[in-house]
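Chemist: Take a look at the letters that make up each chain.
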Amino acid sequence: MTRPGANLALGALAALATLLLLVLAGEAEAARMARRTQTQRAMRIEAGAALFAEHCRNCHGINGEGVGQLGPALNDRGFFDGRLREVGWPGTLDEYIQHAIAEGRITATRPLYAGEGSVAMSAWAQAYGGPLRPDEMQNLAAFVRNWEATAAGRFKATELVVPTPERGSNAAQAARGGQLFRKAGCAECHAAPGNGDATIGPDLSRIATTAKARVPGYSVAEYLRESFLIPNAFVVDGYGPNLGCGGVLTHEQLDDLVSYLLSLE
Amino acid sequence: MAVDETSLEAPRQPAAEIMRTDAGVLDRLARSLAAGMGLVELRALLRGDPPTERPSPRYRAHTHSLLLHLRPRFYAQASTRFTHTFRLGFFTTFFFIVEAITGLILMLYYVPTPEGAYESIWRLMTRVPFGELLRDIHRLAAEGMVIFAFLHLLRTFLTASHRGKRAFTWLTGVFLGLLTLALTFSGYLLPWDQLAYWAVTIGTSMAAAVPLIGDELNILLRGGAEIGADGLLRFYLLHVILLPALAALVLGVHYYGIARRHGISLPADVEEGDLAPAARAEATRRIDFLPDLLIHEAFLVCVGLLALIAASIFLYDAPLETHANPQRTPLETEAPWFFLWVQGLLKLGDVTLLGVAVPLALVALLLAVPYLDRSPHRRLRKRPLALALTTAGVAALLTLSYIGTPRFGIALPPATVIAQTLAPEEGVGPLRSIPFDALPVGVYVVGVDDPAGLPATFGRVFAEYGRQVKLASERGRLPDAQAFLIVQEWQQDLKRVTLRIGWTDAQRGSRQTYERDLYLHRQRAGEAAP
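Sequence order for the protein chains is A and B. Throughout the first sequence, residue numbering follows our numbering, covering -19 to 245 in sequence. Throughout the second sequence, residue numbering follows our numbering, covering 16 to 545 in sequence.
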């Protein structure tokens, strides 16, 4: 306390050390900012992947491969190389994707996907009544653009057989599904053992067996689930499109119903 | 030829003489800039020599200069002892000034809107040289300010420096402590990430528990039913204008008492002890502000800056989680650490009683301390009650803080707890710490695949996963547990990791599944592309 000399010397030393630290940190700043930019992009892609799984995959496919006539592929060469020219978009692909998500499509730009008097893709921006914030649409755009390597054929994900989660196809669940089959109104169109013999829709009495050969590449459970989620995904020959139902099921109810149908062998 | 050699040399003049005579202009300039102290005096000042003129220009400087006028002319030697004050008040002020300076610079880049706030922090970190360092320093100094203010309060109480004419200074100190907490808490929301958003949502929800005006108070703070654009702007303006202005004012009042009214207290053993006359004379010897204290303070500032900057560069990263999402309540919300004790109180019972009444009563108690404390003694060994109460108070704070941690007493479903431990919603966790290339694609089943056969880091995490599932299963929380860890390639440089736990729900009599997907990008931790 009474030694200003020591204080002066040590203080000057500390100041010099601070200056040195700052100079060294300054030298590394460019690299650090580049690293942070990568981190930000990585976090955008990660968040975008989760958003895509939550909101987009029903129409554009789990891996962006597209779903039938519901939504076009987002992971192919046509999307990355031709899309902007096709629609005459003057900006970047990133802007195009964000814009498309935000505003949706009143009608499709390609005949294949034209909605029949309905909106082809709804607007997703909160500003237009959708659920997504601006940053979420940026994240989605970053994720979709990361399919570029896949589209160009530079990257191919390793195939992996992922076990389907057991949803408990036990008797209790199937019984609940059977009750629901009546209550939710399925029995008004479809025949099932003990649940009437309506003929408006296909007969489901032995659906667990007959569905095996319906669509190549689909397991029975997958076939059934998709039929619930997208009623006209597969229309059986001899029947018109499903116009009647449009109910709301919880995930558990869906599981129960699928479990019930799987028991009809 | 005899030459008088000495006549060739100029007559030797002392340096002081040169300055006094030859540098008249410089000297006048120095006097006008340095509150009346000339070159010779300044030189003596730096060397630690006694004053060169009478009356001492050093004392005169205190009346000529505004800034020096705010400072005392001298302290008693004993009250400047390091072990008496630990410079706690000094460093609290130091942190406050660091906050003001770094905060002003951060204001250049910050955008106080829900759409822009989070993005502007990323811009600061990715586009602004030293931007991240500034943010780290600002955050670290804020937490340092909370810690040092608390220790300063403890020190003042334990050395019994809060009584008599110091009582008013104690009161202003308590208000400064509250302002420090308010400043830190209001800044907590500004990054607009999940951590901030939900911590502040909980904090403001306590306002709703105030009797009669609770709901109005809550809406006044949040700017609506939930925190949105209005609430963010309110917290921002509180943080950058109202609270700092108040704090500066109260700090001035607080310091004025010390500088002008009663000084820093003498250590108790000097005031009450049985000191030899020589020792007492040394203890009460004057230490002048100029130069000793000023140089010491400059020294403390240099050391403080070095420590703060070094810690910010090497040890500390201000957290930034995912973007705030009012629609998604996190599984675990955590108050800022300095309010964990309040969160702990809230878990023990009624919000109005424990969340509002108890903290307010604590503040009232702190304000009343100088008037309740009637002990005639200052030395700690003669104040056993004060020591016991302080120890009990600190222990209670620590215990309540522990109770306040998110995991304590909150029963999440067992499968969720396991997923949350391995891959928390926010932050990193063991799974995300695995390097990208050490995540082998495949389906791994607990109890079937041997962790020892897997790559090291991945194997360790998988073993931990298995251990936790087994433990929960053995305790009957996850009957017939079956657990998977699935690693899939998803895109270039992107993998999806799925934790899936299945068990039999005894009540519903069916299999239940819990699943958490997380997507991991190669460059999240700044890893370079291959």
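In case anyone wonders, no lab produced these hints; they're calculated from the structure. By construction, the Cβ of each residue, glycine as well, lies at the ideal position given by its N, Cα and C atoms. Possibly wrong hints are sitting among the right ones.
To be verified - Cβ-Cβ distance ranges computed for the label pairs, FRET-style:
(1) G238/B x P173/A: 41 to 51 Å
(2) A151/A x R482/B: 41 to 51 Å
(3) A8/A x P455/B: 28 to 38 Å
(4) A151/A x D452/B: 42 to 52 Å
(5) P455/B x A(-14)/A: 50 to 60 Å
(6) A244/B x G58/A: 52 to 62 Å
(7) A244/B x T230/A: 27 to 37 Å
(8) G71/A x V443/B: 34 to 44 Å
Chemist: Compare the structure with each hint and give your call.
Modeler: Evaluated hints:
Roughly 60 Å separates the CB atoms of G238/B and P173/A, a value that falls outside the hinted 41 to 51 Å. In this structure the supplied range 41 to 51 Å is violated for A151/A paired with R482/B, their Cβ-Cβ distance being about 34 Å. A C-beta distance of roughly 33 Å is found between A8/A and P455/B, which places it inside the suggested range of 28 to 38 Å. Evaluation of the 42 to 52 Å hint for A151/A and D452/B yields a pass: the beta carbon distance comes to about 46 Å.
Taking 50 to 60 Å as the suggested C-beta distance range, the pair P455/B and A(-14)/A conforms, at roughly 59 Å. Hint check: A244/B to G58/A, Cβ distance near 40 Å, so the stated range 52 to 62 Å is violated. Distance hint for A244/B and T230/A: a CB-CB separation of about 34 Å, consistent with the stated range 27 to 37 Å. Between G71/A and V443/B the C-beta distance comes to about 36 Å, which sits within the given range of 34 to 44 Å.
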